[in-house]
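So the sequence lines, in the order shown, correspond to chains A and B. If you count by the working numbering, then the first sequence holds residues 3 to 241, one letter each, in order. If you count by the working numbering, then the second sequence holds residues 3 to 241, one letter each, in order.
Read the hints as simulated data drawn from the structure, not as lab findings. The structure displayed is predicted, hence computed values, not measured ones. Check before you lean on any hint, since a few could be wrong.
Intra- or inter-copy, both count: the list cannot distinguish identical chains.
When the alpha-carbon atoms are kept at most 27 angstroms apart in a straight line, the in silico BS3-like pairs for lysine-lysine are as follows [what the hints assert, rightly or not]:
(1) LYS64 <-> LYS239
(2) LYS153 <-> LYS174
(3) LYS141 <-> LYS6
(4) LYS174 <-> LYS211
(5) LYS153 <-> LYS8
(6) LYS219 <-> LYS75
(7) LYS211 <-> LYS153
Protein chains: 2
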Amino acid sequence: MIEKPKVEVCFTPNMFPLYAEDFEVVVVIDVLRATSAICTAFHYGVDKIIPVSTLDQAIEYKDKGYYVAAERKGKIVSGFEFGNSPLSYTNDKLKDQTLVLTTTNGTKAINMAKDIEHLLIGSFLNLDAICNYLIELNKSVLILGSGWENKFCLEDSICAGAISEQLLKTNKFESNNDSTIAAKYLFLSAKSNYFGYLKASSHRKRLKKLNLNEDIKYCLTPNQTDVIPVREDYYLKKL
Amino acid sequence: MIEKPKVEVCFTPNMFPLYAEDFEVVVVIDVLRATSAICTAFHYGVDKIIPVSTLDQAIEYKDKGYYVAAERKGKIVSGFEFGNSPLSYTNDKLKDQTLVLTTTNGTKAINMAKDIEHLLIGSFLNLDAICNYLIELNKSVLILGSGWENKFCLEDSICAGAISEQLLKTNKFESNNDSTIAAKYLFLSAKSNYFGYLKASSHRKRLKKLNLNEDIKYCLTPNQTDVIPVREDYYLKKL
Chain A
3 MIEKPKVEVC
13 FTPNMFPLYA
23 EDFEVVVVID
33 VLRATSAICT
43 AFHYGVDKII
53 PVSTLDQAIE
63 YKDKGYYVAA
73 ERKGKIVSGF
83 EFGNSPLSYT
93 NDKLKDQTLV
103 LTTTNGTKAI
113 NMAKDIEHLL
123 IGSFLNLDAI
133 CNYLIELNKS
143 VLILGSGWEN
153 KFCLEDSICA
163 GAISEQLLKT
173 NKFESNNDST
183 IAAKYLFLSA
193 KSNYFGYLKA
203 SSHRKRLKKL
213 NLNEDIKYCL
223 TPNQTDVIPV
233 REDYYLKKL
Chain B
3 MIEKPKVEVC
13 FTPNMFPLYA
23 EDFEVVVVID
33 VLRATSAICT
43 AFHYGVDKII
53 PVSTLDQAIE
63 YKDKGYYVAA
73 ERKGKIVSGF
83 EFGNSPLSYT
93 NDKLKDQTLV
103 LTTTNGTKAI
113 NMAKDIEHLL
123 IGSFLNLDAI
133 CNYLIELNKS
143 VLILGSGWEN
153 KFCLEDSICA
163 GAISEQLLKT
173 NKFESNNDST
183 IAAKYLFLSA
193 KSNYFGYLKA
203 SSHRKRLKKL
213 NLNEDIKYCL
223 TPNQTDVIPV
233 REDYYLKKL
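Work out the full structure, taking the sequences as your base and the hints as a guide.
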């Protein structure tokens, strides 16, 4: 019997080395808000996004004249023009431009997986698009949550569960992984009301304090775009 | 306002360093089967259990004449008399004796947390006993799952959720931690039928192949004992 491709979920970037060598396809998720912002920026016409892990790298790019977005702990870093609010990218200011991006968790997860052949960016915003593409690719998939400072985070795990559920129900994929089962259960109990389900989550509380409820609602609304950001060389492009 | 003690869940031993310094109380869980076996052995009169991480250490103790239990990948290691099946400890063979124990995941988690002031051993078997003791202690608690080779494991997470739920519903504890929320949700959806809920879990499949369904049923049946194993020096004792 031919083995089916697998779907596995890795909850946090620091666990990634335990999984890395078994996968050619990795979907990075940071629902609140890096990967939601990336999907939105591409939807509104950004040409390239360069993810960088440190503020030092971000400043270097800024000095060279790039548009640079920098977020730490939910806020735009002082001295930078852009942060990681998806709603700030719903316009054509950056159409056909290159954006450099560094965030607390998401860009670190992206760079952690930079040697993977197919590195894709996922979120609720492009949920169906990315699932359809993964089904077409027909290879084993690791879904990598960005977590919060390397700890487990609820919204990324629920989104990972949503992707797992879509792939597994085609019967073209299989899973032998407890984190995939857990993510699926969490998604199934959350799906009727993501916003309510997440009200106790640490990240939602953090962003609520920063008056970012509109951002959260937007990030939790599935299927607002068909874009699939993929890594190409050192930057992300629209597939 | 006085802050309440916290309940947090750490899903795997390799994440423990992110939490260690904030807690004086750690409950280690390895439902299938190390911590279930430890609770059972104490219930049937074992005096001390010395948890060791490596087979080398286990052999050293064996050569000195100790009773030694050694399990790897679900089986008794060849050359050893005992493994980690709780059912093999439901007799008085080891009454008043010292047992040395090494297992694939559980004893590693126990030794990882060996510098914590109050290190307790939890399982479904002593669920209410350990919760009542934690409520009495009234200190912040970290529940540490043993995982499977450092990956997330479902049954430990559900047991962690069961403990979290009992502590949080007293209103004497609080949690700001997404893994606690997730563990609680997983427990709430599993609690009507642990055995059925876990049927897809990787570990149950692994043990089923080894004809260990009776062990699994036993380990998933709450409140079969009041013993609370605690670390004292380099060994575990009954509180």
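Hints, one by one, checked against the model:
1. When the C-alpha separation of LYS64 and LYS239 is checked against a cutoff of 27 angstroms, the pair qualifies only within one copy, where the shortest distance is 20 angstroms, while the shortest distance between copies is 60 angstroms.
2. For the homomeric pair LYS153 and LYS174, the shortest alpha-carbon distance between copies (24 angstroms) is at most 27 angstroms, but the shortest distance inside one copy (31 angstroms) is not.
3. Proximity of LYS141 to LYS6 under the C-alpha cut-off of 27 angstroms is restricted to the intra-copy arrangement: shortest distance 8 angstroms within a copy versus 47 angstroms between copies.
4. When the C-alpha separation of LYS174 and LYS211 is checked against a cutoff of 27 angstroms, the pair qualifies only between copies, where the shortest distance is 25 angstroms, while the shortest distance within a copy is 42 angstroms.
5. Proximity of LYS153 to LYS8 under the C-alpha cut-off of 27 angstroms is found in both arrangements, the shortest distances being 24 angstroms within a copy and 16 angstroms between copies.
6. For a Cα distance limit of 27 angstroms, the shortest separation of LYS219 from LYS75 inside one copy, 19 angstroms, qualifies, whereas the shortest one across copies, 45 angstroms, does not.
7. For a Cα distance limit of 27 angstroms, the shortest separation of LYS211 from LYS153 inside one copy, 20 angstroms, qualifies, whereas the shortest one across copies, 33 angstroms, does not.
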